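Colleague: Chain by chain, the residues:
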Amino acid sequence: MKYSIFSLARAALSGHKNWKPTWRDAAPRDRYDVVIIGGGGHGLATAWFLASEFGIRNVAVLEKGWIGSGNAGRNTTIIRSNYGLPGNTGFYELSMKLWERMEQDLNYNAMVSQRGVLNLYHSDAQRDAFARRGNTMRINGIDAELLDQAALRKMLPFLNFENARFPIQGGLLQRRGGTARHDAVVWGYAHAASALGVDIIQNCEVTGFTRDANGKVTGVETSCGKIGAGKVGMAVAGSSSRVAAMAGLRLPIESHVLQAFVSEAIKPLLPNVMTFGAGHFYVSQSDKGGLVFGGDIDGYNSYAQRGNLPVVEDVCEGGMALIPMIGRVRLLRQWGGIMDMSMDGTPIIDKSPVDGLYINAGWCYGGFKATPGSGFVFAHLLARDESHKEAARFRLDRFQRGAMIDEKGQGAQPNLH
Amino acid sequence: MRITCPFCGERELGEFTYLGDAKPQRPAADAGEDAVYDYVYLRDNIAGVMSEHWYHGGGCRAWLKVTRNTLTHEISAVEAAAGAGAAKVGA
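Listed in order, the protein sequences are those of chains A and B.
Heads up, the first sequence is in this note's numbering, so the first residue is 1 and it goes up one at a time.
Heads up, the second sequence is in this note's numbering, so the first residue is 1 and it goes up one at a time.
Think of the hints as simulated: they come from the structure by calculation, not from any bench.
Be a bit skeptical, because a hint or two may be false.
Claimed, not checked - Under the rule of at most 20 Å between Cα atoms (straight-line distance), these lysine to any residue pairs were calculated in the SDA-like manner:
no., chain 1, residue 1, chain 2, residue 2
1, A, Lys64, B, Leu42
2, A, Lys351, B, Lys23
3, B, Lys65, B, Gly32
4, A, Lys64, B, Leu71
5, B, Lys65, A, Asp355
6, A, Lys216, A, Arg384
7, A, Lys226, A, Arg384
8, B, Lys23, A, Leu249
9, B, Lys23, A, Lys408
10, A, Lys64, A, Ala265
11, B, Lys23, B, Gly58
12, B, Lys23, A, Lys64
13, B, Lys23, A, Lys226
14, B, Lys23, A, Lys267
15, A, Lys267, A, Ala412
16, A, Lys64, B, Val78
17, A, Lys408, B, Lys65
18, A, Lys351, A, Arg211
19, A, Lys216, A, Ala247
20, B, Lys23, A, Leu147
21, A, Lys408, B, Ala47
22, B, Lys23, A, Arg115
23, B, Lys23, A, Ala412
These numbers were taken from a predicted model, which means no experiment stands behind them.
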């Protein structure tokens, strides 16, 4: 079904009783050219780009739960391309450009809102680092503005500029950054991929790989039977190590829990996404009015999809340090997702050492903004057996070669990225 | 999640810092690049019961070896890490 003002008017006149399911819930066939493991944003985007850009339509997406039930539905919905290191800068801008045309491409309202992403700085050294990152962005054709305190006081008068420990000196603003409705991104890719013939199969958990005499992956064993595949791509976030282990691989990844939070709805307050530079706190306001925010990962390995109280306290303290006026706002909900934390904080999009198996993993807690870019370059890799130029550095062997992309400079300690 | 430190008793999580899986052992100096790569970068990333190192920075400052289930956060054992200064107390 194609959505337009006319389809909306027609449905309105019939009392909205005739909407059809937006995508087709498929039963598995015996064999596909490409099987994608993981029906989150990245997996569905990959399937859509395979079908729409690379002409491979005999594709299945296998999801162990329901689509978008993992991190695609658990993030803080921020989109941005304000990265400073070669490899990241170009890739995230590719993704940003795809966000800007996503709704037209998919014929689906993903509520992409370019309300701006503002990183606040609180010291001279931090200002210099942000200026450098902003300059890197601008050299690469990405918008970035370094704002001083006077400009911020005008824009965001309610921030705690007088904080004795962490005075706000200014911020780096990317106006093209913003937010998107995370569930709608999943549904939009499912809608558009399904329309091109992609089979989306829910409640189908991969339990192993089938391999030929040479060790090449020839398909997957699942809770809904064996499915043959020319190629298998995995985009399973926090479960990356578990799925890779079925093929005998160990990855440079640890799974950690990240919590996110939403407050009760309040009147419009925050015009953009902002981050506290002296701690770890990021916040935006949803269209329903709730403040959506988060901070650090809990810091210990976890597959539990729930966190602990010290981080709740730390995140709320960050919020209070930045915006004291939210102190009386009540927390509405809090949840956790399992992050595939890589050893340098940067993703891996590469062929695996096992023939026929392709890896899309290591997104740490930055996977949402990468959804369209990740889908595009992973589809490119699956279709052409070579990396897209903007993903050429996201190699699995970069740790062996000493070619890490460590945006935060923390070294091989995943809970610090 | 609360951790019962063998020296300090049951304490809240905020007093502890996490290092990670206790299994990887530093390879010998002449072990070669592959062994070092394996030690520094590759992880079993266990979904289930895992032995791991925690540091009790907000208490006795001892390194601890905690046996914990990563699926449920249930802690089944806590002991002083081998080689840590506090492990020698009473030894």
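Colleague: Please go over all the hints and tell whether each is borne out by the structure.
Modeller: Hint check:
1. Our distance criterion of 20 Å between C-alpha atoms is broken by lysine 64 of chain A and leucine 42 of chain B, whose separation comes to about 26 Å.
2. The suggested pairing of lysine 351 of chain A with lysine 23 of chain B is violated, with an alpha-carbon distance near 28 Å, which exceeds 20 Å.
3. Our distance criterion of 20 Å between C-alpha atoms is broken by lysine 65 of chain B and glycine 32 of chain B, whose separation comes to about 28 Å.
4. A distance of roughly 17 Å separates the Cα atoms of lysine 64 of chain A and leucine 71 of chain B; the hinted pair therefore holds under the 20 Å criterion.
5. The hinted pair formed by lysine 65 of chain B and aspartate 355 of chain A fails the criterion: a straight-line CA distance of about 38 Å is larger than 20 Å.
6. Under the criterion of a C-alpha separation no larger than 20 Å, the hint pairing lysine 216 of chain A with arginine 384 of chain A is consistent with the structure, at around 17 Å.
7. Proposed proximity of lysine 226 of chain A and arginine 384 of chain A is contradicted: the alpha carbons are some 25 Å apart, above 20 Å.
8. Between the alpha carbons of lysine 23 of chain B and leucine 249 of chain A the distance comes to roughly 17 Å, so the proposed pair stays at or under 20 Å and holds.
9. For the hint linking lysine 23 of chain B to lysine 408 of chain A, the alpha-carbon distance of about 26 Å lies beyond 20 Å, and the restraint is violated.
10. Taking the CA atoms of lysine 64 of chain A and alanine 265 of chain A, the gap is about 33 Å. The hint is violated against a cut of 20 Å.
11. Between lysine 23 of chain B and glycine 58 of chain B, the direct Cα distance comes to roughly 24 Å. Violation of the 20 Å bound is thereby established for this hinted pair.
12. Distance hint between lysine 23 of chain B and lysine 64 of chain A is unfulfilled; the C-alpha atoms sit about 30 Å from each other, more than 20 Å.
13. Of the supplied pair hints, the one linking lysine 23 of chain B and lysine 226 of chain A is violated, its CA atoms being roughly 35 Å apart against a limit of 20 Å.
14. Of the supplied pair hints, the one linking lysine 23 of chain B and lysine 267 of chain A is violated, its CA atoms being roughly 51 Å apart against a limit of 20 Å.
15. The straight-line distance between the Cα atoms of lysine 267 of chain A and alanine 412 of chain A is roughly 43 Å, outside the 20 Å bound, and the hint therefore fails.
16. A distance of roughly 34 Å separates the Cα atoms of lysine 64 of chain A and valine 78 of chain B; the hinted pair therefore is violated under the 20 Å criterion.
17. The hinted pair formed by lysine 408 of chain A and lysine 65 of chain B fails the criterion: a straight-line CA distance of about 28 Å is larger than 20 Å.
18. A hinted pair counts as satisfied when its Cα atoms are at most 20 Å apart, and lysine 351 of chain A with arginine 211 of chain A qualifies at roughly 16 Å.
19. Only pairs whose Cα atoms come within 20 Å are accepted, and lysine 216 of chain A paired with alanine 247 of chain A is accepted, the gap being roughly 10 Å.
20. Our distance criterion of 20 Å between C-alpha atoms is broken by lysine 23 of chain B and leucine 147 of chain A, whose separation comes to about 48 Å.
21. Straight-line distance between C-alpha atoms of lysine 408 of chain A and alanine 47 of chain B comes to about 27 Å, which puts the hinted pair past the 20 Å bound.
22. Between the alpha carbons of lysine 23 of chain B and arginine 115 of chain A the distance comes to roughly 46 Å, so the proposed pair goes past 20 Å and is violated.
23. Note on lysine 23 of chain B and alanine 412 of chain A: the hinted pairing holds, with a Cα-Cα distance of about 16 Å set against a maximum of 20 Å.
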